[in-house]
Amino acid sequence: MFEELLGLPAHPLLVHAAVVFAPLLIAGVVVYSFAPSVRRYIGWAVLLLGVGAPIALWFARQSGEALFTTLVEKGYPPQILAQVDLHKDFGDAAAWAGTLLGVLAIALVLFTHSAAKKPATGGSRATGWALIALNLLAAGATAYYVFKTGDTGAQAVWSNI
1 MFEELLGLPA
11 HPLLVHAAVV
21 FAPLLIAGVV
31 VYSFAPSVRR
41 YIGWAVLLLG
51 VGAPIALWFA
61 RQSGEALFTT
71 LVEKGYPPQI
81 LAQVDLHKDF
91 GDAAAWAGTL
101 LGVLAIALVL
111 FTHSAAKKPA
121 TGGSRATGWA
131 LIALNLLAAG
141 ATAYYVFKTG
151 DTGAQAVWSN
161 I
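Its first residue numbered 1, the sequence shown is counted upward by one per residue in UniProt numbering.
If you are wondering where the hints come from, they were derived from the structure by calculation, not from laboratory data. Accuracy of the hints is not assured; some may be wrong.
Derived DSBU-like pairs: lysine-lysine, alpha-carbon spacing no greater than 35 Å straight-line [unchecked claim]:
no., residue 1, residue 2
1, K74, K88
2, K74, K148
3, K117, K74
Each pair of labels, with its calculated beta carbon distance range [to be verified]:
no., residue 1, residue 2, range
4, N160, V103, 37 to 47 Å
5, P9, I106, 28 to 38 Å
6, K74, L13, 17 to 27 Å
Keep in mind the model is a prediction, meaning the values are calculated, not measured. All C-beta atoms, glycine included, are put in the ideal place defined by N, C-alpha and C.
Construct all of the structure, not just a fragment, from the sequences and the given hints.
Okay, structure coming up:
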């Protein structure tokens with residue numbers, strides 16, 4: 001399923017969705033966390049990206065697994081396979097970090113939307129701040145792993161040119 005799209009290797013095509021949607025989710029979470037005045041305008045986008053970015057990351061990961069299997073079957077040199085394997089490891093971490101961020105982003109939007117309709121209490125403020133902190137940590141991890149995945153992938157493809 002993840003080997004080809006329209007006769008082309010799926011991975012280079014699907015990666016583009018991941019490298020667009022994951023940074024948009026990261027940016028959305030940061031803005032949503034630090035600018036409460038814009039939450040009502042961007043909450044819907046953060047919700048959509050909270051679903052879409054992890055899906056894009058997992059599609060990129062699965063298509064990368066399929067491409068790696070193809071490279072092994074075609075007898076690519078061990079040096080190249082080692083580079084691709086490192087890229088694959090970072091891709092795995094990016095998919096998991098992005099999934100965590102997606103879940104936390106959705107939780108943050110739903111919580112703040114619900115909390116905005118009720119009087120604030122100490123517990124609700126603490127929960128809101130905890131969700132913001134967890135979102136920012138997950139956003140940082142996702143940013144790191146998406147960057148490292150892209151960097152190692154680019155090195156694997158372009159370093160011998």
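Q: Starting from K117, check that the Cα of K74 is at most 35 Å away, please.
A: Roughly 59 Å separates the two Cα atoms, so the pair is violated.
Q. Does the Cβ-Cβ separation between N160 and V103 fall within 37 to 47 Å?
A. holds (39 Å)
Q | Restraint status (C-alpha distance of K74 to K88 at most 35 Å) | A | Holds, at roughly 18 Å.
Q.
Just to be careful, I want the Cα atoms of K74 and K148 compared with a cutoff of 35 Å; is the pair within it?
A. Holds, because 26 Å separates the two Cα atoms, which is no more than 35 Å.
Q: Could you say whether the range 28 to 38 Å given as a hint is met by the Cβ separation of P9 and I106?
A: holds (32 Å)
Q. Okay, K74 versus L13 on CB: inside 17 to 27 Å?
A. Given about 19 Å between the Cβ atoms, the range holds.
In terms of the numbered hints stated before, the structure departs from hint 3 and from no other.
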